[in-house]
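I would like the entire structure built from these sequences, with the hints used as guidance.
2 protein chains.
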Amino acid sequence: MSYRNTPVLVTGGLGFIGSNLALRLVEQGAQVTVVDPLVPGCGGNLHNIATVREQVEVIKRDISAAGHFASAIRRARVIFNLAGEVSHIHSMEFPERDLLINTVAQLRFLQVCVRHNPGVRVVYAGTRQVYGKPEYLPMDENHPVRPVDFNGVHKYAANMYHLMLSRSGQLDAVVLRLTNVYGPRMSLAIPCQGFLSTFLRCILTGQGLEVFGDGKQLRDPVFVDDAVEAFLLAGAAPALQERTLNVGGPEALSLLEIAQTCARAAGGLSVETRPFPEERAAIDIGSYATDCSLIRKTLGWKPQARFADGIESTLAFYRARLRHYLDPENPQADCSLPEHKGVQRRLKYAAV
Amino acid sequence: MSYRNTPVLVTGGLGFIGSNLALRLVEQGAQVTVVDPLVPGCGGNLHNIATVREQVEVIKRDISAAGHFASAIRRARVIFNLAGEVSHIHSMEFPERDLLINTVAQLRFLQVCVRHNPGVRVVYAGTRQVYGKPEYLPMDENHPVRPVDFNGVHKYAANMYHLMLSRSGQLDAVVLRLTNVYGPRMSLAIPCQGFLSTFLRCILTGQGLEVFGDGKQLRDPVFVDDAVEAFLLAGAAPALQERTLNVGGPEALSLLEIAQTCARAAGGLSVETRPFPEERAAIDIGSYATDCSLIRKTLGWKPQARFADGIESTLAFYRARLRHYLDPENPQADCSLPEHKGVQRRLKYAAV
Chain A
245 MSYRNTPVLV TGGLGFIGSN LALRLVEQGA QVTVVDPLVP GCGGNLHNIA TVREQVEVIK
305 RDISAAGHFA SAIRRARVIF NLAGEVSHIH SMEFPERDLL INTVAQLRFL QVCVRHNPGV
365 RVVYAGTRQV YGKPEYLPMD ENHPVRPVDF NGVHKYAANM YHLMLSRSGQ LDAVVLRLTN
425 VYGPRMSLAI PCQGFLSTFL RCILTGQGLE VFGDGKQLRD PVFVDDAVEA FLLAGAAPAL
485 QERTLNVGGP EALSLLEIAQ TCARAAGGLS VETRPFPEER AAIDIGSYAT DCSLIRKTLG
545 WKPQARFADG IESTLAFYRA RLRHYLDPEN PQADCSLPEH KGVQRRLKYA AV
Chain B
245 MSYRNTPVLV TGGLGFIGSN LALRLVEQGA QVTVVDPLVP GCGGNLHNIA TVREQVEVIK
305 RDISAAGHFA SAIRRARVIF NLAGEVSHIH SMEFPERDLL INTVAQLRFL QVCVRHNPGV
365 RVVYAGTRQV YGKPEYLPMD ENHPVRPVDF NGVHKYAANM YHLMLSRSGQ LDAVVLRLTN
425 VYGPRMSLAI PCQGFLSTFL RCILTGQGLE VFGDGKQLRD PVFVDDAVEA FLLAGAAPAL
485 QERTLNVGGP EALSLLEIAQ TCARAAGGLS VETRPFPEER AAIDIGSYAT DCSLIRKTLG
545 WKPQARFADG IESTLAFYRA RLRHYLDPEN PQADCSLPEH KGVQRRLKYA AV
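Sequence lines, in order, name chains A and B. So in the working numbering, spot 88 of the first sequence is number 332, and the numbers just go up one at a time. So in the working numbering, spot 253 of the second sequence is number 497, and the numbers just go up one at a time.
Just so you know, not all the hints are guaranteed correct.
Identical copies carry no separate label here, and so any pair may be met within one copy or between two of them.
To be verified - Dumping the calculated SDA-like pairs for lysine to any residue here, alpha-carbon to alpha-carbon at most 25 Å:
#1 Lys-377 - Gln-485
#2 Lys-541 - Leu-484
#3 Lys-541 - Gly-413
#4 Lys-377 - Leu-407
#5 Lys-377 - Leu-484
#6 Lys-377 - Glu-486
#7 Lys-377 - Val-389
#8 Lys-377 - Arg-487
#9 Lys-460 - Glu-523
#10 Lys-377 - Leu-351
#11 Lys-304 - Glu-340
#12 Lys-541 - Glu-495
#13 Lys-377 - His-387
#14 Lys-377 - Gly-413
#15 Lys-541 - Glu-379
#16 Lys-541 - Ala-483
#17 Lys-541 - Pro-482
#18 Lys-377 - Gln-355
#19 Lys-377 - Thr-488
#20 Lys-377 - Asp-416
#21 Lys-377 - Arg-411
#22 Lys-377 - Arg-390
#23 Lys-304 - Glu-271
#24 Lys-377 - Ser-412
#25 Lys-304 - Val-356
Since the hints were derived computationally from the structure, they do not count as laboratory data.
Encoded structure:
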């Protein structure tokens, strides 16, 4: 399947991975509609799609209001479902906010999809966070699901919605379980969006890097172009035997190696280790590395970009347009804690 | 540990299993507080605890309003957490109602437990429904979790809350995964509460029994006294290595055998098979039988009552007080669909 002239919907399409995906879909000639409410703190940024703004229909709504854009859902040949909140730390502080964004909204959205476009292919952006602390590495899709934070629980509930509705033929969904993704269009000004966002913010503002713990914990970052390729393949694949696929990077590196690579790319900055803050230690999963053999077999996908190369092109991207990602005057980049509390308040609903 | 003079809290304590548990706890000398909002359609019935009404504190609130009974949570030595909605069929028709009752309310409740009684033992009433269609029988706790309906997804999200908060030391929870439980105090007038409720309603009103499909599907019903014993043991056990324990019956019987046993106990009624209605076929899991070896090893529990005996004492119980369970004038027993829709409306909350 080619995406030429294919109507597609991208939820969370102004966010980090969603916007990169939307750009690639436009390049491939798809008719792209993105849905994104630009909720402060969730990483949506209109600048992310500035270069293709005229070719993309933008619906500024939360996916839980899907009834308001049912026609876009109805005509979509593929739905890329990336809307959500990714912060593990925030989920522990505001669990109900995380539940609303990652579970309640998905339930409402998927019910509209089932009603207006039964059987539609949906590619859902899941997370390796659902696995919790690895029992073995590299981690495959059969690893037990034992999330260590509310974000993992809520993302897994949405994951189950997709698969349950697919087992009964109401959807044709595939869940990609993403490890740490990095690259252009990541939000840099929002706290707690993962260590790679923090590292990038530090090196772009000339600060040294801090690594929590002894720095020996492994991660396998995946460059966003590779992640986008996995979404494109998953959206276009014919009948799927496997509906849960890990998406990981090409190398398992220690946090210290990752920090040192970032520091070198930035022309030499300090890297220091320091003890885990308590709230992070509680939800740290230790080392992680992905077994990508199932997605390789199923979709022919494997990660291409080595971390040192990916981080170079990422820095080049940001250096040319830093103000769109770090300017405190830019409201998209503003996500202080009081703002979060405001969101939390607005999201409150009546007691059962 | 003995329950004598022990303060305990039972959520869903006016419902089927919860009220049987509350009665046994009173017998054992515990200081029993039950929480139950008597939501129409969820099976709560004040008559269930009529014989011990004076010895039990009843809080008529939803668990999501736990802030209003924080003092009861604070003093509880054990919390038996049985509040919830059990209907698979209703969950498919009103998924958001099910999400609110089984997940949102649990999140709110557990946050209050963590705040006011950190580390408290919580025994959660989980369900074998989370497993979905069995890949092998009898089913142990390592079977993959692949729910076939919204109820299974939402109960599993609450299941994950309990375990996640226990891994981080904020609670000391154990999840009992119950198969079909039957016995006195089951609601008989509420539709879609499981085939055993339906069978009992039919034989108590002299109607013949209908079995969906060919009747060969296996089930292993567990008598409520046995289920209650599992809760008591789980609440009293010292440090737990295993936090997820299946609770099943002593015999795997075909639905036809179960129906015939019921019909015989009622003095001889007809049993017929008929094709599955579409909405039930979609979420039917086929045969099920529980592997109870883990709970036997962990708590020394095993089911005692054979089905033929359990159903005899169940019928004796209902015959003596049928009007409290079937009288259409009794509002506790009234749960028509419009009523459900009313609940659904009241539960609505502001869009995200």
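Results of checking the hints against the structure:
In the homo-oligomer, the alpha carbons of Lys-377 and Gln-485 lie at most 25 Å apart only across protomers (17 Å), although the nearest pairing inside one protomer, at 27 Å, exceeds that limit. For the identical chains of this complex, Lys-541 and Leu-484 are intra-copy neighbours only, at 12 Å inside a copy versus 41 Å across copies, given an alpha-carbon limit of 25 Å. In the homo-oligomer, the alpha carbons of Lys-541 and Gly-413 lie at most 25 Å apart inside one protomer (24 Å), although the nearest pairing across protomers, at 40 Å, exceeds that limit. In the homo-oligomer, the alpha carbons of Lys-377 and Leu-407 lie at most 25 Å apart both inside one protomer (23 Å) and across protomers (13 Å), since each shortest distance falls under that limit.
Taking the shortest alpha-carbon separations for Lys-377 and Leu-484, only the inter-copy value of 20 Å comes in at or below 25 Å, while the best intra-copy value is 28 Å. Proximity of Lys-377 and Glu-486 under a CA criterion of 25 Å is satisfied in both settings, with 24 Å inside one chain copy and 17 Å between copies. When the C-alpha separation of Lys-377 and Val-389 is checked against a cutoff of 25 Å, the pair qualifies both within a copy, at 9 Å, and between copies, at 18 Å. In this assembly of identical chains, Lys-377 and Arg-487 lie within 25 Å of each other by CA distance both inside one copy and across copies; the values are 22 Å within and 17 Å between.
In this homomeric assembly, Lys-460 and Glu-523 come within 25 Å of each other (Cα to Cα) only inside a single copy, at 19 Å, whereas the closest approach across copies is 52 Å. In the homo-oligomer, the alpha carbons of Lys-377 and Leu-351 lie at most 25 Å apart only across protomers (22 Å), although the nearest pairing inside one protomer, at 27 Å, exceeds that limit. In this homomeric assembly, Lys-304 and Glu-340 come within 25 Å of each other (Cα to Cα) both inside a single copy, at 23 Å, and across copies, at 24 Å. With identical chains, the CA atoms of Lys-541 and Glu-495 are at most 25 Å apart within one copy only, with a shortest distance of 19 Å there and 43 Å across copies.
In this homomeric assembly, Lys-377 and His-387 come within 25 Å of each other (Cα to Cα) both inside a single copy, at 10 Å, and across copies, at 19 Å. Proximity of Lys-377 to Gly-413 under the C-alpha cut-off of 25 Å is restricted to the inter-copy arrangement: shortest distance 15 Å between copies versus 33 Å within a copy. For a Cα distance limit of 25 Å, the shortest separation of Lys-541 from Glu-379 qualifies both inside one copy, at 23 Å, and across copies, at 24 Å. In the homo-oligomer, the alpha carbons of Lys-541 and Ala-483 lie at most 25 Å apart inside one protomer (14 Å), although the nearest pairing across protomers, at 44 Å, exceeds that limit.
In the homo-oligomer, the alpha carbons of Lys-541 and Pro-482 lie at most 25 Å apart inside one protomer (14 Å), although the nearest pairing across protomers, at 47 Å, exceeds that limit. In this assembly of identical chains, the alpha carbons of Lys-377 and Gln-355 lie at most 25 Å apart only when taken from different copies (23 Å versus 32 Å within one copy). Taking identical chains as interchangeable, the C-alpha atoms of Lys-377 and Thr-488 lie at most 25 Å apart whether they share a chain (19 Å) or sit on different chains (18 Å). In the homo-oligomer, the alpha carbons of Lys-377 and Asp-416 lie at most 25 Å apart only across protomers (19 Å), although the nearest pairing inside one protomer, at 30 Å, exceeds that limit.
When the C-alpha separation of Lys-377 and Arg-411 is checked against a cutoff of 25 Å, the pair qualifies only between copies, where the shortest distance is 11 Å, while the shortest distance within a copy is 28 Å. For a Cα distance limit of 25 Å, the shortest separation of Lys-377 from Arg-390 qualifies both inside one copy, at 7 Å, and across copies, at 21 Å. Taking the closest pair of Cα atoms, Lys-304 and Glu-271 come within 25 Å of each other only inside a single copy of the chain (22 Å); across copies the shortest separation is 59 Å, beyond that limit. For the homomeric pair Lys-377 and Ser-412, the shortest alpha-carbon distance between copies (12 Å) is at most 25 Å, but the shortest distance inside one copy (31 Å) is not.
Taking the shortest alpha-carbon separations for Lys-304 and Val-356, only the intra-copy value of 17 Å comes in at or below 25 Å, while the best inter-copy value is 35 Å.
The structure meets every hint from the earlier list without exception.
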